[in-house]
Amino acid sequence: MASGKAVDAVYHVEIPKAARKLRELFYCAHYIHSHLAHFYALAGPDFVVGPDADPAKRNILGVIEKVGLEIGGAVIKNRAYAQKIQEMIGGKATHPVCNLPGGVSKPLTEEERKKIEEMGKSFIEISKFSLKLFDDLILGNKTYKELITGNTYRHETYYMGTVDEHNNLNLYDGYVRVVNQRGEEFAKFKAQDYLSHIGEHVEPWSYLKFPYLKKVGWKGLTDGPESGIYRVNSLARLNTTDGLPTPLAQEAYKKMYEVLGEKPSHATLAFHWARIVELMYASERLMELIGDPEITNKEVRTIPTATPTEGVGCVEAPRGTLFHHYLTDEEGMVTKVNLIVATGHNNGPICMSVKKAAQSLIKKFQVKEGLLNMVEMAFRAYDPCFACATHTLPGQMPLEVRIYDSEKNLWQRLKR
Amino acid sequence: MKTLILGLGNPILRDDGVGIKVAREIGRRVDSPWVEVIEACTGGLDLLELIRGYARVVIVDSIQIRGRRPGEIFLLHLNDLKTTIRLSSPHDVNLATAMELGRKLGLPLPQEIKIYAIQGEDVFTFDEECSPAVEKAISQIAEEIMQEEGWSKKLERPIAQA
Chain A
-4 MASGKAVDAV
6 YHVEIPKAAR
16 KLRELFYCAH
26 YIHSHLAHFY
36 ALAGPDFVVG
46 PDADPAKRNI
56 LGVIEKVGLE
66 IGGAVIKNRA
76 YAQKIQEMIG
86 GKATHPVCNL
96 PGGVSKPLTE
106 EERKKIEEMG
116 KSFIEISKFS
126 LKLFDDLILG
136 NKTYKELITG
146 NTYRHETYYM
156 GTVDEHNNLN
166 LYDGYVRVVN
176 QRGEEFAKFK
186 AQDYLSHIGE
196 HVEPWSYLKF
206 PYLKKVGWKG
216 LTDGPESGIY
226 RVNSLARLNT
236 TDGLPTPLAQ
246 EAYKKMYEVL
256 GEKPSHATLA
266 FHWARIVELM
276 YASERLMELI
286 GDPEITNKEV
296 RTIPTATPTE
306 GVGCVEAPRG
316 TLFHHYLTDE
326 EGMVTKVNLI
336 VATGHNNGPI
346 CMSVKKAAQS
356 LIKKFQVKEG
366 LLNMVEMAFR
376 AYDPCFACAT
386 HTLPGQMPLE
396 VRIYDSEKNL
406 WQRLKR
Chain B
1098 MKTLILGLGN
1108 PILRDDGVGI
1118 KVAREIGRRV
1128 DSPWVEVIEA
1138 CTGGLDLLEL
1148 IRGYARVVIV
1158 DSIQIRGRRP
1168 GEIFLLHLND
1178 LKTTIRLSSP
1188 HDVNLATAME
1198 LGRKLGLPLP
1208 QEIKIYAIQG
1218 EDVFTFDEEC
1228 SPAVEKAISQ
1238 IAEEIMQEEG
1248 WSKKLERPIA
1258 QA
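In the order they appear, the protein sequences are chains A and B.
Taking my numbering, the leading residue of the first sequence gets -4, the next gets one more, and so forth.
Taking my numbering, the leading residue of the second sequence gets 1098, the next gets one more, and so forth.
By construction, these hints were calculated from the structure, which means they are not laboratory data.
Since this is a predicted model, take the numbers as computed values, not measurements.
Warning: the hint list may mix true and false statements.
Partial pick of chain A residues on the chain B-facing surface, computed with a CB cut under 7 Å [stated by the list, open to error]: (1) 71; (2) 349; (3) 353.
Derived BS3-like pairs: lysine-lysine, alpha-carbon spacing no greater than 25 Å straight-line [unchecked claim]: (4) B:1233 / A:79; (5) A:52 / B:1099; (6) A:137 / A:410.
Derived CB-CB ranges, DEER-like [stated by the list, open to error]: (7) B:1133 / A:331: 37 to 47 Å; (8) A:63 / B:1209: 41 to 51 Å; (9) B:1230 / A:180: 54 to 64 Å; (10) A:138 / B:1165: 26 to 36 Å.
Don't be surprised by glycine CBs; every beta carbon is placed ideally from N, CA and C.
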């Protein structure tokens, strides 16, 4: 979607309103698909089954055992619905082919609209259930609540997200907004100005760059107001908004901050909670869009006439703010590309979170049981995609913990 | 009940897309109402929705095994895949886990899943064509799979009874 918007900008073309709405509709379905998988298949095992549970049980099968087969079926069904909607609008669900310079390739028919509307009702129900499940199983458990709000998984950083003109959340378009550790607005800019605000630090030991706020500067892997490190993804998005523009999501958003006791929240594990608040927002927004009479308007493309040059596209990907920046020749052939992907923004924070979790779990040669999983929880909260972020493809997660003594002698090695 | 030929891979990632191309080729040659072809660039939980309702599923995908010849075919079963990289992806579960979940949920899953894995030479370069050795072998691979499955002639009845 970011690439589609970047191409619009390269061709200097405004897309028709219906096209914009169709893209946003597609995107809501994409969020639902992504967030459902993350909550139930990836985060769920940590919280629903438990961080110290037997690894054989700490997976989606263990989650289903605990929450019931019916819910498992509902998760699979709703993911399939979300996939179907993406396919209807995008041609393909995983690699959509609908975006063209100036709009989308086809309008939505009334028959398709009705089908999506029917499926959308189910999204609201699974979102309600997921929020309740979080309440019952996680907030109702003192240990889990302490884990979320405690110091092991906490970093006070800047936050970045996309908002509309009223500073409400928007996943598809608007202004990129940055707030500081106290929640005050630090910057608000249009995507095309991203280079004035974001620098990309390089370390020789990583393929992945370390974006930072230029106006604060790179001070290394450290948090606080003096460090340009910022975070993106679900909690960062909610931290940068003044509210959510749909009723049930707004209610869940208010409750989340009341329980966390601070806004912005600096609790890394609260990214999971924010994700299901967003699940509700995406479900409600999908229903708003599908009920909009303009969604079936046939005018879905403005044919570009200008000579292509340069453009920036930006959206809120499920894992965070995503920038695509292309330069082209006069025939539209790309000559230069810069991408800052969600996991790239979070690279510094992920390193910091892993370090802090490890430090708090290893004391005086005692390695706490479940260390591998507790460290993994630190970076799983960001739902990272290292394959995208490093531009390498295997996407492996060969987790290994090496513990050294004070003289840097390898003392213990733990791996999966 | 039908058989699904499921071509998996990324069609813009050189040999990673060979499964899709072979499945497409088989679909072109097999003319039967009992056989359907789906091309997909997905894995894990999404596969459950694709394969539900079919009696048999024949997956065609690419693989990389050290020291093997590009275009070589391997016949695998679900248990062989329990340690694929999908297992360790932070985004999804692997096929074996997804199948176990589907069975627990009582989904109508296939009685049999066969996986034809084709040795790729290069699965990391962006390209819509396979590498020459693999591209050249696509037609032969399709024929070998069809012979193995007994589809080398036009089908008039369900695979299960063929």
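Status of each hint after checking the structure:
no.	hint	verdict
1	71	holds (6 Å)
2	349	violated (13 Å)
3	353	violated (18 Å)
4	B:1233 / A:79	violated (35 Å)
5	A:52 / B:1099	violated (34 Å)
6	A:137 / A:410	violated (30 Å)
7	B:1133 / A:331: 37 to 47 Å	holds (43 Å)
8	A:63 / B:1209: 41 to 51 Å	violated (29 Å)
9	B:1230 / A:180: 54 to 64 Å	holds (57 Å)
10	A:138 / B:1165: 26 to 36 Å	violated (49 Å)
The structure fails hints 2, 3, 4, 5, 6, 8, 10 (numbered hints given earlier, in ascending order).
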